Structure formats: C-alpha cells, structure tokens
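Engineer: Below are the chains, spelled out letter by letter.
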Amino acid sequence: MLEIKNLHACVEGKEILKGIDLTVGDGEVHVLMGPNGSGKSTLSNVLVGNPKYTVTEGSVTFNGKDLLALSAEDRSHEGLFMSFQAPVEIPGVSMTNFLRAALNAKRKYFGQEPLPAGELLKLLREKRKLVGLDAHFMSRGVNEGFSGGEKKRNEIFQMAVLEPKLSILDETDSGLDVDALRIVAEGFNQLRTPQSSAIVITHYQRMLDYLKPDFVHVLVGGRIVKNGDASLGYAIEERGFDWIKNEITA
Amino acid sequence: MGVEQQYIELFDSQRDLIDRHSVGVLNARRAAAREAFAAHGLPTRRDERCKYTDVAEAFAPDYGLNLGRIVPGVDPYRAYRCQVPNLSTALYFVVNDSFMSPSPVAAQQPEGVTVCSLGEAARRFPDVVDNCYGRLADPAGDGITALNTMLAQDGLFVHVAAGVKCPRTLQVVNMSAASLDLMATRRVLLVAEAGAEASLLFCDHSDGRHNYLTTQVVEAFLGKGARVDFYSVEETHASHRRFCHLYADQQAGSRFTFGGITLMAGLTRNRLDLHLGGEGAEARAYGCVVADGEEHVDNNLLVDHAAPGCTSDLLYKYVLDDRATGVFAGRILVREGAEHTASDETNANLCASPDARMFTRPILEIYADDVRCNHGATVGRFDEQALFYMRQRGIDESEARLLLQHAFVNDVIRRIELEPVRDRLSYLVEMRFRGLLHRCGGCEMCHS
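Order-wise, the sequence lines are chains A and B. The opening position of the first sequence corresponds to residue 2 in our numbering, with each subsequent residue numbered one higher. The opening position of the second sequence corresponds to residue 2 in our numbering, with each subsequent residue numbered one higher.
Quick caveat, the hints were computed from the structure, so don't treat them as lab data. Bear in mind the structure is a predicted one, so any value in this text is a computation, not a measurement. There may be inaccurate statements among the hints.
[Unchecked claim] If you anchor each label on the Cβ, the simulated ranges turn out as follows: (1) M432(B) / Q113(A): 22 to 28 Å; (2) G112(A) / S399(B): 17 to 23 Å; (3) R224(A) / E420(B): 40 to 46 Å; (4) S89(B) / P115(A): 31 to 37 Å.
[Said to hold, decoys possible] Examples of chain B residues lying across from chain A (beta carbon under 8 Å, computed): (5) L18; (6) H22; (7) P62; (8) F389; (9) I396; (10) F409.
Glycine included, every Cβ here is placed at the ideal spot set by N, Cα and C.
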C-alpha cells in the first residue's frame, strides 16, 4: 500500500523529518507514537501534500504511484485521507455542498458522472448514522460552530463518505470524552475492510484498546527509533518515552 | 472649470429643447441646479465622500444625449420574458433614459399602486410630484445630483397609497443600448404613503457596444410604518460609467431595505443617503460586490439618525480579483436627541489577487448619549488552511476558491427576503465566480 523510504522534510526552513522508513501493507493499522515535536504531524502533512511542508529527500510510493509527484487533491482521489488534528471551520460552505464537491471531484477523476442528488443524500444519511451526527449538521457550514467532539466525529464521517484506502488519523482522539472516543473508534472500526489501512497518531492507551493495531512505531527527533506490536504502545503508556531515548543513546 | 464646462454649455444652448421635451415641475428645478453645478462642479478627490473615485475622468468624454426624446426603436417587452422561477414581477423597462410604456399585464396594478413616467405623474399627481421632486436630492449638496437635475427630462414614478400592499415585485430593467456613446439621465421618484408596502428590483444592463455614462437619482419617501425593499442588481460592462444616488426619507416606524449587488461593472458608484427622521424607523443596507479586471466599485453610504429609537444595519462584502478596486465608506451619524439608536455596520472584503485594492472607511459620528453602535471592517485573503482542508478532500484549488468566495458573499445574499430573487442571485453569483457571466444577455435575472 504505502512505502516510505528515507524521507526528509522541512517546514519554514527547519528540518523535522530526518530519514523516515515505513511500510504499510493492505489492511494494516499502524500506530505512531512519540514525544511532542518528534515529527508525527509533519509526516502526516507531508503524506497528504500540505504545501507548507517541503520534502528534501527520499521517496513515497502509494499503490505503485509516486505519491510525492501528485497534487494534494489527486492524492485524495487515489485514496489518501487525513483526519485533521484541528479540523478547519469553513463558514458558509454547507456540509452537503462540501461533500458533493468532494465526491464529484473524485468521480470526475475516475471518469464517472456526478452522483445524482437523491443518491448523494441517501449516502450521507447512511454514513451519518455511523458516527451519530444529526441531520441538521448537513445544512451547517463545515465545522462551523461544531464542538471539539463534533468536529472529530465529522472527520470520521467524511472518511466514511470518501472511503479511502489509507487513512491517517492525526490525534483524532485528543479532546474527546470517553463516550465520544468510543463512537469515533467504533465508527472507524466499522469502516475497516481487509484492504483499507490506517496510520494512527495517538497518545492514549484507550485508542490502542479500540483499534488493536498491528504495529506500533516510535518517532523521536524525526526518525523512527523503535518498532513493535501493540505491547510497545502499552509499555510507552506505562513508562513514557525516556527509556526509549535512553536506549538509543546507550 | 474643467470637465463641467461642456455640460453647462450644452445646457445653456439646448435649454429650450430640454424644456420642450419635459414637464413644468422638472423644468422649474433646472435653473437652481445649473447654478449649483456651476458653483461647485463635479465632486473631486478632495470631497470627503469621493476620495477614491475619479468622477471628472468619467464625465470627460463627449457623450451623446437624447434631448429630443427620440423613442428607442426596440420593444423590450416583446424581447424579454421573465423566467425567475416563482417570481411574478410587474416588469417595466427603461431604455437609456426613456421609460417604455408597459405591457397591459404589467400596467394592471391594483387600486392604490401607480407606476408610470414622471411626465404622466406630473399630470395625474401634480401635488405629489411638485411636493416631492427634488426635495431630498439637493443640487447644492452634490454635483452629480445637480447635473442630473439640470438634464433630467423624464423618469419613473412609483406611488403606493396609504395602507396598500403592493402584491407583486416591481421589476425595472434599465437597459443601456444605443448606436453611439451615450449619456443617460435617469430619475426615480418613489412615494410609499403611511403603512404602504412595496418591493422593487432594479436590474441594470448594458449591451456593451458603446461607452455609456449613466447618472441616476432616486428619491424615496416612506410614510409612517411604510415598508420598502429596494434591490439593485448591476450587470453592465467594462465600458459603462454609472453614478447612482439614492436619497430616502423615512418617517416613524418605517423600514427601508436596500440590497445592492454588483456583478459586472466598469466604474460604478452607489451613493445612499438615508434619513431616519421619525421615531423607530429602520434602515438596512446590504451590498455584495464581485469585481475583477479593471472594475471600480464604490459604495458610499450616509445613515442619518435624526430621531430617537431608530435602527440601522449595514453589511457590505466585496470579492476583488485581478486589478479591481473596491471602495466602501459608511458614515453613521447619530444626531443630538437620537437616543436609543442601534446601529451595526460591517464591511468585509476578500482580495483574491495581490493587485486588487480595497479602500474602506466605516465612520461613526455620535452626538447622543444613550446609543449602541458597532462598526468593523476587514480586508483579507483566502484562508490557506481552509483551502488545504478542501484539497485534502479532493476539491481542486480553483473549485475550493470558488466555494470560499461564494460562501463569503452568500451571507449578504441570504438577507434578501424575496426568495426567488435570493435563489436567482445566489446562482448568478456562482456563475459570475465561474466566469460564465461574460456578457449581458438582456436581463440575466429574466433569462435562465
């Protein structure tokens, strides 16, 4: 699915990623952990093509395509999705219009006709139920006046609508209470297929409980310094990151 | 005296012709207007209300005038059909500055509603016209108003009698269409007596084949408790110079709503002087401007709170691209004794290109003690985070920009109370952003 080789990237002239290697196979869930400032969000943003970030070295292949050569919107069409850490409010652009534009852009990319209005509404209705978003959200502006929890649910809702191959969840669990976290995680789990994969950035054990990741990677100083399975995540939850840092320097 | 000279000479030499093709009440106002025009001239950049618009340049070319009142050889009523869904308007046409006799359908107004030419009104309502014409539009206060008063030979008269609710929207299509460069002098007199209600939709169009200069002076009188909605949609052309002045006088408890939508223009200036003269009157002015190329759009407002308990609400939004220039000035004047005034004024602007320029001046001037007044202005660029968020979802950058622009001005459109007009305008604005509104095809409000 995804193969990252020796990826270096900088933001505003400062190098954040210093040689990332990571391979994600079909149907796998990978969790990225690491102290603040270690490069987790930078990696997510680089993968989805945020223009604020510059790749200086390395390669990323996504289902056989050179990902770094694609525009942000084409990466989306190819099946890459990011659940934003801080979803942006877009006042005045209704959820329905926003998703219609997104879905139809993807259909156009694959040479398909726009989705008829009736089918679109039916699809949105179905997917809304997965994450428990009320109908009235559809006529509101994108994230406009949504609570923190509603914004995160909205991210998973959009993921459900767009059916990506690889989802990047950038701290989707932060700012959620216990119930909201359960709804978001369960919604995410329902969307999983044997083919769809995910990279999940989290600080919390509870997320590990829900997602049961196949792999856990620890990022420190712009490099992946330790790989393991879910048990590595639990160890970090218990002992923090310092022991890993000590391990590296030792 | 520079540019003004040619107009004074024209007036002096053609005075007989002008008078002969007009009516007494209009002719009676000319001498004072000429005097004011000769004394003060056209507004210059030194005038506080005209700092960013070069008026003289617009009036400098040699335009033809239709002083002999030759009736245009087109019958717009046959050529245009209104197709605004669910909006049944009474449709009237003004070609250049000639009011075209309406179709029998439009002419059928209910008892108490009169729409006719000023000339006809002078015969049917001599007292009203004599009492109202030129009362608000003071030639000494503004050079363009003075020039308009000097030259106006006819115009549109709308009268709604006390307590009458005008059932249909009165749609007035102003067409600029001639076989040479032409100056048109338009005049509107609107009288809504106590408790009367009316909504008007003005659509300004240009065939774009020649250079046109238009001056328009509207005087609106709202009696006690009257309600008037006045929408003005401009879809003219780069070669159009347009100066519209609207003066409104509001008595107690009346409500005047102005909606100005500039979709296509060359140089356009809308000046609004709203006088809240009776207790509890309400003035609302909403504006939406979409400009690109070399377009220049200037909205200049004065809301004069002269009585207690009045409210005013101003919201203007501009989206400027290329080398377009936007100008906004909104002065809220709260006079001594106008206690319990409530006023909100917002001007928000989006510059989509680095060469677009916006000049904004919200002004509050308060001489009363117990008032609540807010004002604010912003000039911004696209929200890069929002653009990227949309691109991540697969929406390409140009479509994302379009959605953001449309959303930006849509909260102005949303305030239009006539639903069919609102929907139609929302659609036209989208077409405008998509670059599909290239030229005027008659009345775009009517042609879908």
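Engineer: Take the hints in turn and mark each one as holding or not.
Structural biologist: Evaluated hints:
{"no.": "1", "hint": "M432(B) / Q113(A): 22 to 28 Å", "in the structure": "holds, 25 Å"}
{"no.": "2", "hint": "G112(A) / S399(B): 17 to 23 Å", "in the structure": "holds, 20 Å"}
{"no.": "3", "hint": "R224(A) / E420(B): 40 to 46 Å", "in the structure": "violated, 60 Å"}
{"no.": "4", "hint": "S89(B) / P115(A): 31 to 37 Å", "in the structure": "holds, 32 Å"}
{"no.": "5", "hint": "L18", "in the structure": "violated, 53 Å"}
{"no.": "6", "hint": "H22", "in the structure": "violated, 50 Å"}
{"no.": "7", "hint": "P62", "in the structure": "violated, 41 Å"}
{"no.": "8", "hint": "F389", "in the structure": "holds, 6 Å"}
{"no.": "9", "hint": "I396", "in the structure": "holds, 5 Å"}
{"no.": "10", "hint": "F409", "in the structure": "holds, 7 Å"}
Checked against the numbered hints given earlier, the structure breaks hints 3, 5, 6 and 7 and satisfies all the rest.
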